[in-house]
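Novice: Chains A and B, in that order, give the protein sequences.
Taken in order, the first sequence gives residues 1 to 70; the numbers are from our numbering.
Taken in order, the second sequence gives residues 1001 to 1708; the numbers are from our numbering.
The hints are simulated quantities; they were obtained by calculation from the structure and are not laboratory data.
Errors might be hidden in some of the hints.
Derived BS3-like pairs: lysine-lysine, alpha-carbon spacing no greater than 27 Å straight-line [what the hints assert, rightly or not]: (1) A:Lys43 / B:Lys1285; (2) A:Lys43 / B:Lys1390; (3) B:Lys1187 / B:Lys1151.
The structure displayed is predicted, hence computed values, not measured ones.
What follows is the residue order along each chain.
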Amino acid sequence: MPLAMMNSGREYRIVNINGSTDLRMKLVNMGITPGVAVRIISKSPSSLLIGLRDTRIMLNSGIAHQIQVQ
Amino acid sequence: MKKNKLSIALAGNPNCGKTTLFNNLTGARQHVGNYPGVTVEKKEGYRNFKNYALTIIDLPGTYSLTAYSPEELVARNFVVRETPDVVVDIIDASNFERNLYLATQLLELERPMVLALNMADVAEARGIKIDDQLLARRLGIPVVRTVGSRKQGMEELLETAVRTAQETQRTSFVINYGRDVEEAIGKLAPLLAAAQRQLNFPRRWLALKLLENDRDIIESIQKIPESEGATAAAAEARAELQQKLGDDPELLIADFRYRFLGALYREVVTVQDEDALTFSDKIDKVLTNRALGLPIFLGLMWLVFNLVFTLGAYPQDWIEKGVSLLGSWVGQHMAEGDLKSLLADGVIGGVGGVIVFLPQVILLFFAISLLEGTGYMARAAFIMDRVMYKVGLHGKSFIPLLLGFGCSVPAIMGARTLENPRDRLVTILVTPLMSCSARLPVYTVLIAAFFGEQRAGNVLFSIYLIGIILAIIMARVFRSVLFTGSTEPFVMELPPYRIPTLKSILFHMWERSILYLQKAGTIILAVSIIIWFLTNYPTEVQYSKDYAALIAQAETLPQDEVKEKLVREQAGEKLGQSYAGQVGRFIEPAIAPLGFDWKMGVGLFAAFTAKEVLVSTLGTIYSVGAGEEDAASLKDALAADPAYNPLVAYALMIFVLIYSPCLATIATIKRETNSWKWALFSSGYSTVLAWIIAFIVYQGGKLGGLGG
């Protein structure tokens, strides 16, 4: 299921990232890779604040729809 | 004794503490410039260490060394082409794997390298223990522990860097990318001998980049005739890998890097306390909360502005007294003549009027530095994202806008962090609408003269608010007319919350405030002298009455009022016929519908150089106009001028808020957009907008019965 539809509080695991190679490379370079545990710290109507690999990353809903989690 | 020269390049992720380390290592001996051809800041510092003269280069903070951003290109080209004697890669110990991702790529460039394990104390407090000896053995480079905020490990870091720079033997670092990728590298490497010689990059690395479809490297190799076959062979190998492994090779290669790092992490790191919710997360739960985030942010902003103005008022008062004391001292002790008038009216009246606002400017920059240092600024970007999203920008654009309250110049340079050129241009164009600290003196003097103390705060807040609202509207307009297209996807890492050291806050505050002072000593001084000249010359003017005779006649009268009135009238008439008066009258028809007279016209014309010049110009005009016995401040002089009333003052503030950015800002826009077109457009559109809004305010106010 896409990360954008998840709720804050629980921890998920990234299974797959869709989208262009450029976008995927950008996410991977920042540590957003399949297999990694991710949690939602905060949600706003346009973006998400997520925690993963001991850091916090803000991304907009468009990207969060491309990240599949379990 | 001659010192040996060594250069050290600092690399690392954004937010890894690189800047603090750089400042620790170099102190104040820094030089800031740009890398040639790109808008990426180049910071260099110098340090004498033992027998060495060190040049320390702060490379841009990057996550990787791909060709996706100019920062990454600059970093890798610097390491390879400028051949620093040693590269120091700074690792945030509490974010080990992601930080080491860059380290593996730097290692593959095969340059002498040292790893600085920074903020290991923070990591250990969270139960993350790193075996740095083992890490050093696995990577084949020395590892030094540092704590940037407490200046720990600096000597050892320099010591190790210097030693590593002089070692001739280099251990090679190789990640195994799996059978298929390694096979492809094996095929490509022999074709790249010429490319290696010319580009100076290691051969294995070049092969890897070709497989990763790195645009920059492909282009460079295509220019080398001897390596002609390499790019074609690489494209073939890429297609093969893609088919065999089912994904783009660059993603597979990245995946192997993370696999290597995952294994390394398990080997050298022991996690004792598996508490997912860190301190930083707990704060974020509140500060970035969907319901609470925005009210907390607005409350903080309100607090900042109130503190700036109430606290700033005390030192401002002292400086004001000092300036007026200096003015009267000059008035009493200097011989009559042009020089005295130039000093008292031009320099002290002009520059003094601007210096008075230094405390508030310093406090404002203090607040901005504090917001940045604690990590809250990045949260503001998240909180404001939903607002920015509505105008077609995203939260990241909000940081330059917020910096705009300090000064448009660094704010516009701050827009560099926006990767999308459309977002960048829109942000650059609307940033000057955020009311900068230089406009503050204008509001303060006008508010003090025409609005009571009770209303002062609200009036000022309304001006700032109008600026913000206009910025939002104009962003929307630009986004839908000039730069159409959907909103770009964006990602941004947020730094952890930190308690910044007072020293680092004061350092940033001073770095920015000094520019305001420099401006007072250069542009404003120069403009003040020019304005003084323009208001004093020509000295021979045709008066409508024979003032000399009338004054002589009035001196025989018992009361002084008649004489004083005549003196003021004469000075006013002289000013009206001066060069400045002529300029003002030329402008007057254009600004009369806004309720402005020629004096304001001169002020606005001059304030194009820097907005606070309006205050210094009016100061010069009124002290010249007041004749000899000037004791009243500019505030009182304005209040006494019948040309002004609260409505005119408000319209004037609005105009100053919106109209053309100052020269320094226009020059910055030209540099950042690399085009005069956008710089001139910025100046033009804002002046037209200022006229329209001020017209609506003034004429609307008059219709509403205000300003009588």
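Novice: Would you mind marking each hint as holding or not holding in the structure?
Specialist: Hint check:
| no. | hint | in the structure |
| --- | --- | --- |
| 1 | A:Lys43 / B:Lys1285 | 10 Å, holds |
| 2 | A:Lys43 / B:Lys1390 | 16 Å, holds |
| 3 | B:Lys1187 / B:Lys1151 | 48 Å, violated |
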